[in-house]
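These protein sequence lines map, in sequence, to chains V and C.
So the first sequence is numbered by numbering that gives the first Met the number 0: it starts at 0 and just counts up by one.
So the second sequence is numbered by numbering that gives the first Met the number 0: it starts at 0 and just counts up by one.
Please keep in mind that the hints were generated in silico from the structure rather than gathered at the bench.
Glycine is no exception: its CB is placed at the ideal position from the N, C-alpha and C atoms.
Please note that the accuracy of each hint is not assured.
[As the list claims (entries may be wrong)] With a straight-line cut-off of 30 Å between C-alpha atoms, the simulated DSSO-like cross-links for lysine-lysine are:
| hint | chain 1 | residue 1 | chain 2 | residue 2 |
| --- | --- | --- | --- | --- |
| 1 | C | K244 | V | K369 |
| 2 | V | K369 | C | K313 |
| 3 | C | K209 | C | K290 |
| 4 | C | K258 | V | K369 |
| 5 | C | K219 | V | K131 |
| 6 | V | K148 | C | K284 |
| 7 | C | K258 | V | K340 |
| 8 | C | K312 | C | K188 |
| 9 | C | K450 | V | K340 |
| 10 | C | K219 | V | K95 |
| 11 | C | K290 | C | K255 |
| 12 | C | K341 | C | K391 |
| 13 | C | K389 | C | K341 |
| 14 | V | K331 | C | K255 |
| 15 | C | K391 | C | K195 |
| 16 | V | K331 | V | K301 |
| 17 | V | K349 | V | K369 |
| 18 | C | K195 | V | K369 |
[Unchecked claim] Calculated Cβ distances over 10 Å to all of chain C for the following chain V residues:
| hint | residue |
| --- | --- |
| 19 | I91 |
| 20 | L158 |
| 21 | D283 |
| 22 | R291 |
| 23 | K294 |
| 24 | P302 |
| 25 | G315 |
| 26 | R320 |
| 27 | L322 |
| 28 | D324 |
| 29 | L330 |
| 30 | E352 |
| 31 | Q385 |
Residues per chain are reported as follows:
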Amino acid sequence: MISRNRFCRGWVPAALLLAFVSGCAPSQGASRQHPARNKPAAAEPAPAAPPSTPAPKQSGGGSQAAPAATAPTIAPNSVPPGALERLRRQAIEREKRMELQDALMRWRFLLQLHPQDREAATRVAVLREQVKLLAETHYRRGVSLFRKKQREDALREFLLALSYDPDHGDALDYVRNRLKPPDWVYYTTVQGDTMKGVALKAYQDEQKDFLAAAYNNLARDAPLSPGTVLRLPILEPDLRRPSMNVAEVLEKAKGLLEQEQFDLAIAEADSVLVYDSSNAAARDILNAAYYRQAKALAAQNKPVEALAMFRNVEPGYQDARELVDTLQAGLKDQAEEHYKKGIQLFIDEKLDEAIAEWEETLRIDLDHPKAAQDLENARELRERLQQLR
Amino acid sequence: MTRVPPRRGAAARGPGALGRDWGSEWLMAPVKLPLPLLGLLSGLLATLLALAGCGGAPGAPAGGAAPQGGLSAQPGDEQVTLTWPSVPGAESYNLYWQLAPGISPESANRVIGVRAPYVHAGLRNGLSYYYLLTAVKGGRESALSAVVSAIPSAGKRAVLTPEKPVLRFDEFVAVLVRPGDTPASLAQKYLGDPGKDWVIRDFNGVAHPKPGIELIIPLKPFDRGGLTPTRIRSIPILTYHEISKTESNVLTVTEKAFKQQMKFLHDRGYRPVTLDQFYDFVAFKGALPEKAVVLTFDDGWRSTYELGLPVLKKYGFPAALFVYTDFIGRGEKALTWDMIAKLQANGVDIQCHSKSHRDLTRMNEDEQLETFYKALELELSRPIQVLQDKLKRRCHYLAYPFGATNRLVSALAQKHGYRLAFTANRGSATFFEDPYRIDRSMIFGTFNLAKFEQNLAQHRSDELQ
Numbered sequence: 000m001i002s003r004n005r006f007c008r009g010w011v012p013a014a015l016l017l018a019f020v021s022g023c024a025p026s027q028g029a030s031r032q033h034p035a036r037n038k039p040a041a042a043e044p045a046p047a048a049p050p051s052t053p054a055p056k057q058s059g060g061g062s063q064a065a066p067a068a069t070a071p072t073i074a075p076n077s078v079p080p081g082a083l084e085r086l087r088r089q090a091i092e093r094e095k096r097m098e099l100q101d102a103l104m105r106w107r108f109l110l111q112l113h114p115q116d117r118e119a120a121t122r123v124a125v126l127r128e129q130v131k132l133l134a135e136t137h138y139r140r141g142v143s144l145f146r147k148k149q150r151e152d153a154l155r156e157f158l159l160a161l162s163y164d165p166d167h168g169d170a171l172d173y174v175r176n177r178l179k180p181p182d183w184v185y186y187t188t189v190q191g192d193t194m195k196g197v198a199l200k201a202y203q204d205e206q207k208d209f210l211a212a213a214y215n216n217l218a219r220d221a222p223l224s225p226g227t228v229l230r231l232p233i234l235e236p237d238l239r240r241p242s243m244n245v246a247e248v249l250e251k252a253k254g255l256l257e258q259e260q261f262d263l264a265i266a267e268a269d270s271v272l273v274y275d276s277s278n279a280a281a282r283d284i285l286n287a288a289y290y291r292q293a294k295a296l297a298a299q300n301k302p303v304e305a306l307a308m309f310r311n312v313e314p315g316y317q318d319a320r321e322l323v324d325t326l327q328a329g330l331k332d333q334a335e336e337h338y339k340k341g342i343q344l345f346i347d348e349k350l351d352e353a354i355a356e357w358e359e360t361l362r363i364d365l366d367h368p369k370a371a372q373d374l375e376n377a378r379e380l381r382e383r384l385q386q387l388r
Numbered sequence: 000m001t002r003v004p005p006r007r008g009a010a011a012r013g014p015g016a017l018g019r020d021w022g023s024e025w026l027m028a029p030v031k032l033p034l035p036l037l038g039l040l041s042g043l044l045a046t047l048l049a050l051a052g053c054g055g056a057p058g059a060p061a062g063g064a065a066p067q068g069g070l071s072a073q074p075g076d077e078q079v080t081l082t083w084p085s086v087p088g089a090e091s092y093n094l095y096w097q098l099a100p101g102i103s104p105e106s107a108n109r110v111i112g113v114r115a116p117y118v119h120a121g122l123r124n125g126l127s128y129y130y131l132l133t134a135v136k137g138g139r140e141s142a143l144s145a146v147v148s149a150i151p152s153a154g155k156r157a158v159l160t161p162e163k164p165v166l167r168f169d170e171f172v173a174v175l176v177r178p179g180d181t182p183a184s185l186a187q188k189y190l191g192d193p194g195k196d197w198v199i200r201d202f203n204g205v206a207h208p209k210p211g212i213e214l215i216i217p218l219k220p221f222d223r224g225g226l227t228p229t230r231i232r233s234i235p236i237l238t239y240h241e242i243s244k245t246e247s248n249v250l251t252v253t254e255k256a257f258k259q260q261m262k263f264l265h266d267r268g269y270r271p272v273t274l275d276q277f278y279d280f281v282a283f284k285g286a287l288p289e290k291a292v293v294l295t296f297d298d299g300w301r302s303t304y305e306l307g308l309p310v311l312k313k314y315g316f317p318a319a320l321f322v323y324t325d326f327i328g329r330g331e332k333a334l335t336w337d338m339i340a341k342l343q344a345n346g347v348d349i350q351c352h353s354k355s356h357r358d359l360t361r362m363n364e365d366e367q368l369e370t371f372y373k374a375l376e377l378e379l380s381r382p383i384q385v386l387q388d389k390l391k392r393r394c395h396y397l398a399y400p401f402g403a404t405n406r407l408v409s410a411l412a413q414k415h416g417y418r419l420a421f422t423a424n425r426g427s428a429t430f431f432e433d434p435y436r437i438d439r440s441m442i443f444g445t446f447n448l449a450k451f452e453q454n455l456a457q458h459r460s461d462e463l464q
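Please take these sequences and the hints and turn them into a complete structure.
So this is what it looks like as structure tokens:
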């Protein structure tokens with residue numbers, strides 16, 4: 000599970016070279032076999048930073064499948080037909096977004112397709128080190144935070160470690176196991192232990208020996224040889240208490256409603272309905288929250304948003320139905336205008352704009368009799384045209 | 000019983016001692032060697048490293064199987080690219096190289112003042128080049144790094160042609176798209192599953208590849224857990240109960256609304272995935288398409304078959320049905336086993352929702368703990384057995400009745416071999432959720448499309464800020 004080698008590989012280079020700088024190692028001055036081959040740094044400058052734009056093509060270039068002598072021109076926002084250039088572009092984009100693991104993968108693929116590609120070779124070498132270092136740095140921060148019991152922060156660091164190195168087993172172990180509270184406790188038996196004795200230690204009640212036995216698929220009177228590892232489930236203090244205190248949650252929801260924290264009130268009422276779908280008080284709170292939000296939106300002259308909100312209210316709640324009818328009547332003309340505009344645009348062969356107008360029609364009037372079908376037809380037409388191009 | 004290594008923060012401190020509350024897990028965090036302070040004797044460092052099992056002590060002879068350390072060499076055409084991590088305080092670096100093994104500063108050629116990455120060009124392909132590196136400060140060189148070597152190679156550039164439209168590598172396949180090829184047909188051919196067409200689309204950024212375009216088909220997951228340094232994927236899991244032609248209430252969605260919602264998912268490019276695919280995502284083994292969503296149905300209502308299935312089939316959406324086995328075949332509103340078998344044959348994954356749908360976290364007033372515990376074991380084990388008998392398949396996933404769970408219930412779910420267990424807390428799921436407390440969003444009959452859409456949130460970024 001925990002690999003010391005993983006840790007050591009990350010630290011050997013820095014630790015070793017750091018010790019070198021301390022001056023403890025002997026000087027390396029010595030005769031050279033071929034002084035003529037000593038090249039000053041200037042003759043072989045190394046690139047200082049990764050290129051931020053695609054490097055000039057090394058050889059060949061362009062689409063590998065294109066038989067023509069000239070490389071095809073690729074428009075800035077189009078998809079390059081050639082895998083090499085697409086991989087390169089994507090790798091560079093991902094490096095900019097710090098998605099280094101993804102970028103590294105694409106550079107590696109590119110290098111396998113084109114082993115002479117110097118940019119790819121360089122980026123692979125650089126990114127390999129970079130992801131290792133970043134992953135290890137975040138991992139170590141995570142461990143430090145874990146020790147200080149700052150679990151949220153520790154989780155973030157471990158996730159960052161994994162984002163750079165998904166194979167970082169130690170970081171994954173923390174995320175999946177160590178940062179989660181357990182559902183049982185391990186107990187290793189000693190000489191003389193019995194199931195009753197274990198129950199007394201674990202639950203302060205030897206009558207709960209059945210729990211220790213049954214959970215481990217053992218008989219209650221099974222002999223326990225020393226060194227046996229038992230898993231002992233953790234018991235809640237009061238198993239007769241309902242898993243939700245409905246009255247308490249409803250009180251909280253009402254309080255939030257009064258404070259006009261509608262989203263929070265809705266969430267609380269929601270949770271009661273999941274537990275008890277017939278709870279009328281929770282439904283009342285939901286209706287009230289949606290209704291009041293809808294009225295506020297209507298007062299702000301946002302009829303479309305208000306109508307959408309009213310649709311969450313049960314029909315028959317106060318005057319919701321009348322308010323909805325009024326809003327719909329007012330919006331019908333608006334919706335029809337957008338619909339007709341869409342028709343004209345469609346006739347003018349401006350398909351994208353026609354679709355936008357019909358989407359707006361439905362946004363205003365979800366039940367428009369024709370817009371939904373026309374929109375679906377237009378989208379299908381657009382998809383077919385795209386496939387033909 | 001075999002000895003089991005401590006997991007999940009509850010390690011025993013030793014025989015006869017109970018593992019503490021998981022706070023004591025802090026004591027179990029692995030101890031890492033701290034960075035040596037400047038001025039430490041290299042010999043002490045070598046000893047520490049040797050104890051840590053790293054090998055490769057500084058100043059040691061560079062022969063044999065010395066580790067690569069931080070210096071790495073990437074071969075290219077008539078060149079080798081060398082990189083290494085920077086050393087604090089180093090003013091420059093010297094590179095030593097030679098063609099024969101057994102490199103030493105005395106025998107090698109030296110290049111003074113190199114910087115990373117360094118491209119050693121003008122080489123001969125096919126020959127082995129050996130390298131050492133030193134850091135320089137104040138005119139003095141450090142001890143030597145580990146030896147690395149590389150063989151420059153011309154390596155032919157891979158070319159896709161109509162005569163040779165496929166190139167296979169360990170991690171990917173490169174294909175030249177031909178007339179008739181679609182992402183689904185290519186996914187079937189190279190990934191064994193047409194449903195993995197999204198892998199090809201997402202990786203290449205091409206929705207409709209045309210003939211003549213080259214595609215890369217990765218053979219291994221490339222976005223495990225949906226995790227990048229700036230965002231975390233979260234997968235919405237939607238839950239339905241009953242569907243009705245006329246009624247709607249909290250747990251009943253009208254047929255019209257259900258159709259609208261499935262159409263919404265289809266039109267907006269959402270991709271329902273199976274529980275197995277979701278499990279791979281949670282286990283950090285697999286990736287999921289953008290806009291992945293899981294569709295689930297609870298209980299075993301007949302309307303799932305009569306009204307839900309036709310809509311799912313229309314769009315080719317997979318879904319999961321969590322049945323509580325006491326319900327099946329009981330009354331005209333419940334599914335029969337025949338219907339369940341047909342659902343399964345049509346891509347609905349049948350899974351467990353307990354035996355009787357009792358609240359597993361709550362003892363009845365007159366119930367004793369031992370009776371309650373035995374009832375829990377039965378509630379979780381019986382559905383597995385029933386599904387095995389009736390459908391000849393193993394149930395791997397559990398939806399808690401009422402979404403209610405506690406540590407005892409979760410422990411029992413693990414004991415009975417469930418891979419994942421689901422609550423009813425509204426929310427979406429990341430890969431690092433507790434696998435036995437995965438949230439799902441109930442879709443109420445009162446939801447409009449806007450409210451429905453609110454349950455489809457896909458990304459979280461605040462956790463990484």
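Requested in this report: Compare the structure with the hints numbered earlier in the document and write down the numbers of the violated ones, lowest to highest.
Outcome: As far as the earlier hints go, 18, 20 and 31 are violated by this structure, in ascending order.
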